[in-house]
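Using the sequences plus the hints, can you model the full thing?
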Amino acid sequence: MHHLVPLASEIGVIATEMGTDGSARVILPFTPSFARPGGSISGPALMAMADVAMFAGINGKLGWTPMAMTSNQNTTFLKPPKLEGLVAEATPLRFGRRLVVYTVAVFNESAPDVIVAHVTGSYALPV
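This note's numbering applies: residue 70 is where the sequence shown begins, and numbers increase by one.
Keep in mind that the hints were calculated from the coordinates and are not lab data. A hint or two may mislead.
[As the list claims (entries may be wrong)] Here are the in silico distance ranges between beta carbons for each label pair:
id, residue 1, residue 2, range
1, 133, 106, 37 to 43 Å
2, 135, 107, 20 to 26 Å
3, 132, 180, 31 to 37 Å
4, 189, 85, 42 to 48 Å
5, 105, 134, 15 to 21 Å
Even for Gly, the Cβ is constructed at its ideal location relative to N, Cα and C.
Shown next, in the form of structure tokens:
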């Protein structure tokens with residue numbers, strides 16, 4: 070997946086699970102370049118990670134689908150993430166022929182019971 074999603078490779082997102090039901094789990098190992106003032110991880114890194122999680126879920130269910138495109142993403146930051154690795158778990162709410170709607174929970178590796186961001190998003194599938 071990394072060779073066709075250069076950003077995933079660039080920031081280090083790793084897909085650890087890609088379910089046939091469209092779910093996915095990705096990790097984002099911590100790197101100091103993600104740190105922001107105040108001692109948390111930058112929002113853009115977290116949002117990119119969530120986007121890759123949704124894309125990984127689509128590819129887990131459909132096989133390689135490079136033309137699936139993000140059509141919407143909304144991120145609610147609930148708590149500043151600690152300066153450590155993050156995990157994102159993507160769950161499809163609706164998997165249609167042309168549109169997939171997701172919810173993504175993002176949390177620190179050391180605190181899986183504390184969601185730091187909730188993401189909803191949708192992907193348009195190729196015709």
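Each hint, compared with the structure:
In this structure the hint that residue 133 and residue 106 lie 37 to 43 Å apart at CB holds, the actual value being about 39 Å. One distance hint, 20 to 26 Å for the beta-carbon pair residue 135 and residue 107, is violated here, with the actual separation near 37 Å. Remark: the range hint 31 to 37 Å for residue 132 to residue 180 is upheld by a beta-carbon distance near 34 Å. Checked against the given bound of 42 to 48 Å, the beta carbons of residue 189 and residue 85, roughly 22 Å apart, lie outside it.
Our hint of 15 to 21 Å for residue 105 and residue 134 is violated, since their Cβ atoms are close to 33 Å apart.
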